[in-house]
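Student: Going down the list, the protein sequences come from chains E and B. Each residue of the first sequence is one higher than the last, beginning at 1 in this note's numbering. Each residue of the second sequence is one higher than the last, beginning at 1 in this note's numbering.
Incorrect hints may appear among the rest.
As the list claims (entries may be wrong) - When the alpha-carbon atoms are kept at most 30 Å apart in a straight line, the in silico BS3-like pairs for lysine-lysine are as follows:
#, chain 1, residue 1, chain 2, residue 2
1, E, Lys42, E, Lys15
2, E, Lys57, E, Lys42
3, E, Lys100, E, Lys42
4, E, Lys100, E, Lys15
5, E, Lys58, E, Lys68
6, E, Lys42, B, Lys80
7, E, Lys58, E, Lys15
8, E, Lys5, E, Lys71
9, E, Lys100, B, Lys79
10, E, Lys15, E, Lys57
11, E, Lys100, B, Lys80
12, E, Lys42, B, Lys79
Simulated from the structure, these hints should not be mistaken for laboratory data. Predicted, not measured: the structure shown is a model, and the values here were computed from it.
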Amino acid sequence: QQQVKQSPQSLIVQKGGISIINCAYENTAFDYFPWYQQFPGKGPALLIAIRPDVSEKKEGRFTISFNKSAKQFSLHIMDSQPGDSATYFCAARPNFGNEKLTFGTGTRLTIIP
Amino acid sequence: SQTIHQWPATLVQPVGSPLSLECTVEGTSNPNLYWYRQAAGRGLQLLFYSVGIGQISSEVPQNLSASRPQDRQFILSSKKLLLSDSGFYLCAWSRSVHSPLHFGNGTRLTVT
Chain E
1 QQQVKQSPQS
11 LIVQKGGISI
21 INCAYENTAF
31 DYFPWYQQFP
41 GKGPALLIAI
51 RPDVSEKKEG
61 RFTISFNKSA
71 KQFSLHIMDS
81 QPGDSATYFC
91 AARPNFGNEK
101 LTFGTGTRLT
111 IIP
Chain B
1 SQTIHQWPAT
11 LVQPVGSPLS
21 LECTVEGTSN
31 PNLYWYRQAA
41 GRGLQLLFYS
51 VGIGQISSEV
61 PQNLSASRPQ
71 DRQFILSSKK
81 LLLSDSGFYL
91 CAWSRSVHSP
101 LHFGNGTRLT
111 VT
């Protein structure tokens, strides 16, 4: 019940296209959903996060869409650029107690010219 | 601003040798500190976390241990490395368990 399932494992998108990465969870107590971006040889960096009181959050070209009833959330990267090529991790945790973040298994995104 | 330092960046060690990876955080006090291991296709696995000096919780039983000798210092150790200990080790911090998590740049450990 603590799992976060992330797909696809890898993704190739043409420059200027839309990149979409999906995550699903089972634990209905999860109420904080961040996305992390990791470049090769670096640690993950927090990209954007959402709480379930909103269905969408946008920061620049990055948007999180959240579907509480389906227990799914996704990251959309609009006008994808080669500099967006990285590994992306979704994560989730409850906003109470001492629970830590549960991470998805990551998506390696490659943007081709 | 807060920064997290992790070293060394890469390390090659023979099987059976000891290990010591160090992580320090600057610009904050009493942070929560974490050690993660990242394996290809398996995401980020939490190994240890600490909410204060000398307070260590282990998430996964294994060949590794952690210590927090000072408020902003977190050390990952092993007495005898195994081949299976190879991986990318990440230190992270947060203000509290409910605050955003910030990662260091990791240590690539290869056990030969």
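Student: State for each hint whether it applies.
Tutor: Each hint tested on the structure:
{"no.": "1", "hint": "E/Lys42 x E/Lys15", "result": "holds (23 Å)"}
{"no.": "2", "hint": "E/Lys57 x E/Lys42", "result": "holds (26 Å)"}
{"no.": "3", "hint": "E/Lys100 x E/Lys42", "result": "holds (21 Å)"}
{"no.": "4", "hint": "E/Lys100 x E/Lys15", "result": "violated (35 Å)"}
{"no.": "5", "hint": "E/Lys58 x E/Lys68", "result": "holds (17 Å)"}
{"no.": "6", "hint": "E/Lys42 x B/Lys80", "result": "holds (26 Å)"}
{"no.": "7", "hint": "E/Lys58 x E/Lys15", "result": "holds (20 Å)"}
{"no.": "8", "hint": "E/Lys5 x E/Lys71", "result": "holds (11 Å)"}
{"no.": "9", "hint": "E/Lys100 x B/Lys79", "result": "holds (27 Å)"}
{"no.": "10", "hint": "E/Lys15 x E/Lys57", "result": "holds (23 Å)"}
{"no.": "11", "hint": "E/Lys100 x B/Lys80", "result": "holds (28 Å)"}
{"no.": "12", "hint": "E/Lys42 x B/Lys79", "result": "holds (27 Å)"}
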